[in-house]
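All chains, please: the whole structure from these sequences, using the hints.
Which chain is which? The protein sequence lines are A and B, in order.
Our numbering applies: residue 1 is where the first sequence begins, and numbers increase by one.
Our numbering applies: residue 1 is where the second sequence begins, and numbers increase by one.
Any given hint could be a false lead.
To be verified - Simulated pairs of lysine-lysine, PhoX-like, Cα-Cα distance not exceeding 20 angstroms:
1) Lys40(A) with Lys30(A)
2) Lys24(A) with Lys30(B)
3) Lys22(A) with Lys345(B)
4) Lys335(B) with Lys44(A)
5) Lys345(B) with Lys21(A)
6) Lys20(A) with Lys345(B)
Everything labelled a hint here was simulated from the structure, so no lab data went into it.
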Amino acid sequence: MEKEEVKKIIYELVEASTGKKKLKQSDILKKVSADQGIEKDEVKAALRDLVDAGTLIFTYFGGSFIEIPPK
Amino acid sequence: MSKKYDTPLLDELEKGPFPSFVKEIKLAAKHSDMSGDLLGHTELCFKERVTHWKHGGIVGVRGYGGGVIGRYSDIPDKFPGVAHFHTVRVNSPSGFYYTSSALKEMCDLWDKYGSGLTNMHGSTGDMVFLGARTENLEPFFAEVSSRGWDLGGSGSAMRTPSGCLGMSRCEWANIDAMAITNDITQHYQDEMHRPAFPYKFKFKVAGCPVDCIASIARADMSIIGTWKGDIRINQDEVANYAKTMDIKAEIIDMCPTGCMQFDGKTMKIDNSNCNRCMHCIAKMTKALRPGTEKGATLLLGSKAPIVTGALMSWVIVPFIKMEPPYDEFYDLVDKIWEWWDENGKNRERIGELMERLTFTRFLKDVGLDPHPAMVKEPRRDPFFFWAEEDIER
Numbered sequence: 001m002e003k004e005e006v007k008k009i010i011y012e013l014v015e016a017s018t019g020k021k022k023l024k025q026s027d028i029l030k031k032v033s034a035d036q037g038i039e040k041d042e043v044k045a046a047l048r049d050l051v052d053a054g055t056l057i058f059t060y061f062g063g064s065f066i067e068i069p070p071k
Numbered sequence: 001m002s003k004k005y006d007t008p009l010l011d012e013l014e015k016g017p018f019p020s021f022v023k024e025i026k027l028a029a030k031h032s033d034m035s036g037d038l039l040g041h042t043e044l045c046f047k048e049r050v051t052h053w054k055h056g057g058i059v060g061v062r063g064y065g066g067g068v069i070g071r072y073s074d075i076p077d078k079f080p081g082v083a084h085f086h087t088v089r090v091n092s093p094s095g096f097y098y099t100s101s102a103l104k105e106m107c108d109l110w111d112k113y114g115s116g117l118t119n120m121h122g123s124t125g126d127m128v129f130l131g132a133r134t135e136n137l138e139p140f141f142a143e144v145s146s147r148g149w150d151l152g153g154s155g156s157a158m159r160t161p162s163g164c165l166g167m168s169r170c171e172w173a174n175i176d177a178m179a180i181t182n183d184i185t186q187h188y189q190d191e192m193h194r195p196a197f198p199y200k201f202k203f204k205v206a207g208c209p210v211d212c213i214a215s216i217a218r219a220d221m222s223i224i225g226t227w228k229g230d231i232r233i234n235q236d237e238v239a240n241y242a243k244t245m246d247i248k249a250e251i252i253d254m255c256p257t258g259c260m261q262f263d264g265k266t267m268k269i270d271n272s273n274c275n276r277c278m279h280c281i282a283k284m285t286k287a288l289r290p291g292t293e294k295g296a297t298l299l300l301g302s303k304a305p306i307v308t309g310a311l312m313s314w315v316i317v318p319f320i321k322m323e324p325p326y327d328e329f330y331d332l333v334d335k336i337w338e339w340w341d342e343n344g345k346n347r348e349r350i351g352e353l354m355e356r357l358t359f360t361r362f363l364k365d366v367g368l369d370p371h372p373a374m375v376k377e378p379r380r381d382p383f384f385f386w387a388e389e390d391i392e393r
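Encoded structure:
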């Protein structure tokens, strides 16, 4: 699967969870890897790109989560 | 800068024989508004017996999920200097060795971008820079990283590994604690900067079982230098010690397994029963030396009491060679983290998970064979002192 496609899937997953459930990095790796049948490392690399670009950010609320940055 | 607040409660903490953080904040307040407001803010927290700090949130540097701990005042109008008071953790060098110029450089940077207050070191081991506004985090990070420094770990991540000074100054180190600390730091950069665990995970590396850094109580995984084979005895030096110390009272009777004998001239050790506490070696440094085959004991699971009570570490690998490239060690750590990831709840430390699912399950799932030397909590408390009334005379 193309990296850009994985990035899109991750973003949509985080977006859909916003306001409902905070996702940890491992939640995203497990879910996307299982749903798409790809290695966790592939998902991790795509997620890292999103974080490096500031499209997604890490937050801390009693634990570390991945979220969409506030506008 | 003139004094802004009366601080009668904080002033009490300046009294007594010990160094006082209040005194240092007052010194910093002479040239820093942030430190000045910190005094007033802290005094109010003490007076009202309630914290006015808010912790966590969305704060950090681009690409990293840790290294910055968000802290805001909930009364920013009253104390604008501490409206933002974020903490920045900078990865400390192995063994905590610094040149004076490096320290001066870091302090100058912190005077420029933060409150000027530091904490050397935090309990994890990082250099802790206290008090920065959000807009100063990226510039500070850019400056320190351009000088070869990096942020440490925070949040649900591998925290900055730390260790004793090992072979650099201690002849009793059985492993190169500084090299191992550095190698773990470099090997697990992603795990330190991008939090992916159920909760925090700390490594601490002690060169020998004396465990000066108390890793057994403070690290999720302790790596403690040890040895195989017989303790080497220099009987001539034993005889010299006999002239100045009561070997029976101070050594033989204090051996936890009673594996030593001394007839007034010759010392004998039943090495098969030695549990390598290292008391005798540490007390008779010229007469006794560890065996020649060096390695480490790995322990897992200690933690301080935050979510549940405090735990001490459990021996999971009685002996492992700790030599570069440490493949066997990293393979095991990866398996342990995978098990934690699969089974751990949010904010559940590895020691708590091991307690919940049982040690048997842990061994089976990560592929470790049970061994009699996998002792649970080999020392209840490395800083335990008996009270007078506890002692039967």
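Point to revise | Those earlier numbered hints the structure runs against, lowest number first | key: 2
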